[in-house]
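Colleague: Sequence:
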Amino acid sequence: ARRHLREAGKETPLHFTAYYPACKFDAPPTPVVVLERAHDIAVSEGLEFVYLGNVPGHRYENTYCPECRELLIERFGLELVKINLKGNRCPSCGREIPIVGKIS
Numbered sequence: 221a222r223r224h225l226r227e228a229g230k231e232t233p234l235h236f237t238a239y240y241p242a243c244k245f246d247a248p249p250t251p252v253v254v255l256e257r258a259h260d261i262a263v264s265e266g267l268e269f270v271y272l273g274n275v276p277g278h279r280y281e282n283t284y285c286p287e288c289r290e291l292l293i294e295r296f297g298l299e300l301v302k303i304n305l306k307g308n309r310c311p312s313c314g315r316e317i318p319i320v321g322k323i324s
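Its first residue numbered 221, the sequence shown is counted upward by one per residue in this note's numbering.
For the record, the hints were derived by calculation from the structure and aren't laboratory data. We treat Cβ as the ideally placed atom computed from N, Cα and C, and that holds for glycine. The reader is advised that the hints may include incorrect statements.
Said to hold, decoys possible - Keeping only pairs whose Cα atoms sit at most 25 Å apart, straight-line, the calculated BS3-like set for lysine-lysine is:
no., residue 1, residue 2
1, K322, K230
2, K306, K322
3, K244, K230
Claimed, not checked - Taking CB as the label site, the calculated pair distances span:
no., residue 1, residue 2, range
4, V254, K322, 31 to 37 Å
5, R257, K306, 32 to 38 Å
6, K230, G321, 16 to 22 Å
7, L225, V253, 39 to 45 Å
8, Y240, C288, 31 to 37 Å
Please construct the entire structure, taking both the sequences and the accompanying hints into account.
Modeller: Here is the structure:
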């Protein structure tokens with residue numbers, strides 16, 4: 221997390237993705253608690269946009285405002301469920317959210 225912060229910056233997203241066994245791989249899946257701990261460490265180091273992947277429905281799939289914690293983008297797996305932005309700003313506190321590209 222520190223290296224990511226130093227080299228990429230606090231606004232660059234960081235993703236922790238769960239492993240699931242498939243084909244000839246038989247190691248156990250990544251425990252969600254391990255991913256949550258990785259998320260919490262990264263956030264405590266100052267990263268603002270940290271996500272969990274391959275855990276559909278988990279709250280850490282979503283984008284929250286780093287300032288006020290308002291839910292900005294709700295996801296379920298790879299699907300967008302809800303977008304709650306005013307342009308590229310948080311509707312609650314007005315903080316600019318560094319979104320690259322178009323959200324639809």
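Colleague: If a hint holds in the structure, say so; if it doesn't, say that too.
Modeller: Now for the hints, and whether the structure bears them out:
1. K322 with K230: Satisfied, since the Cα-Cα distance of roughly 21 Å is no more than 25 Å.
2. K306 with K322: holds (13 Å)
3. K244 with K230: It is violated: about 38 Å lies between the C-alpha atoms, which goes past 25 Å.
4. V254 with K322: 31 to 37 Å: holds (34 Å)
5. R257 with K306: 32 to 38 Å: holds (33 Å)
6. K230 with G321: 16 to 22 Å: For G321 against K230, whose Cβ atoms are near 19 Å apart, the range 16 to 22 Å holds.
7. L225 with V253: 39 to 45 Å: Violated - the Cβ-Cβ distance for L225 and V253, about 23 Å, lies outside 39 to 45 Å.
8. Y240 with C288: 31 to 37 Å: holds (34 Å)
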